[in-house]
Amino acid sequence: MSEEKTFVIAKLLYNCEVCYLEIPDFEIKRGDHVLIETQNGPEIALVSGISHKVSGNIQPGKIIRSTTDEDLKKIRDNEEREEEAFGITLEKIKNHNLEMKLVSVHYFFDDNKIIFNFTADERVDFRELVKDLASVFKKRIELRQIGARDEAKIVKGTGVCGRDFCCNAIKNELQPVTIKMAKDQNLTLNSSKISGACGRLLCCLTYEHEAYCAVKKDYPSEGSTLEYEGNPVVLSEINILRMEATLKTDQDINIKVPLRNLKEATVMSKKGEVAVEPESIHLEDG
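Positions in the sequence shown are counted from 1; adding 107 to them yields my numbering.
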């Protein structure tokens with residue numbers, strides 16, 4: 108079992124990446140800005156809190172120091188430079204006739220490099236654009252193609268639930284989301300209902316999926332033919348929130364019963380199989 112360790116949790120300002128950091132030898136609190144070490148040099152991060160229950164093979168970063176008024180002024184100045192660079196780069200993209208959408212521009216804190224994040228439907232040959240930008244800004248240039256979900260994470264916004272985008276507010280690594288997760292939770296497969304602003308499936312579909320699967324494994328699968336109270340029925344749906352099941356009779360009548368009642372049913376056939384002699388199933392309570 109992995110040893111639980113205590114880290115400072117902070118989020119980089121420029122890309123909202125969550126960082127685990129060593130506890131410094133000076134006092135910090137949630138909401139403080141700190142200068143931390145990253146693979147791209149020093150960067151400003153916002154302290155989210157102190158975690159006491161983090162396990163696993165985590166290699167924490169280091170906090171260099173708390174930020175000063177001068178540091179924060181530099182951030183504001185860089186934001187103005189980034190806005191100007193954004194406009195210049197849009198014009199350069201147009202001049203090079205490139206099919207790409209510029210998402211963000213970031214001057215690194217040590218001022219030795221600029222990163223340009225963009226989206227594109229296909230791979231883009233931006234080598235000439237990089238040369239052009241390097242001649243304008245006189246710095247190291249990095250162009251990085253990102254996906255729609257990463258774009259939403261950087262741009263930020265409010266989801267249909269009224270809360271900040273999950274990808275920006277609480278998630279770090281974006282986990283795969285599949286349509287099967289929506290099906291397992293009996294959600295309406297309407298793209299406008301289960302998709303986020305990025306056009307991809309909602310991140311939150313992953314949050315309760317494991318719990319739904321854990322409950323459903325104790326019952327016959329949906330689509331199975333059961334013998335219930337002496338009659339053949341098809342298990343149409345299991346509603347975990349209401350803890351009830353919908354059964355369809357051979358007269359196409361839907362009846363709803365408490366989920367616990369399925370423990371008294373027998374499976375005649377699973378979905379896609381031909382019904383045979385009933386086979387008793389024994390389910391543990393709980």
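Fair warning: there could be bad hints in the mix.
Capping the alpha-carbon separation at 20 Å, the derived lysine-lysine pairs in PhoX-like fashion look like this [stated by the list, open to error]:
hint : residue 1 : residue 2
1    : K199      : K136
2    : K199      : K180
3    : K287      : K300
4    : K300      : K290
5    : K290      : K245
6    : K287      : K263
Just so you know, these hints were derived from the structure itself, not from any lab.
As the structure is a computational prediction, the values presented were derived from the model and not from experiment.
Now for the hints, and whether the structure bears them out:
1. Among the hinted pairs, K199 with K136 is inconsistent with the structure: their alpha-carbon atoms are about 43 Å apart, more than 20 Å.
2. Between K199 and K180 the CA atoms are separated by roughly 29 Å; this puts the pair beyond 20 Å, and the hint is violated.
3. A distance of roughly 15 Å separates the Cα atoms of K287 and K300; the hinted pair therefore holds under the 20 Å criterion.
4. Taken as a hint, the K300 and K290 pair is honoured in the structure, with Cα atoms around 13 Å apart against an allowance of 20 Å.
5. Annotation: proposed proximity of K290 to K245 is violated, straight-line Cα distance about 52 Å (limit 20 Å).
6. Between the alpha carbons of K287 and K263 the distance comes to roughly 27 Å, so the proposed pair goes past 20 Å and is violated.
The structure does not agree with the numbered hints 1, 2, 5, 6 stated previously, though it agrees with the rest.
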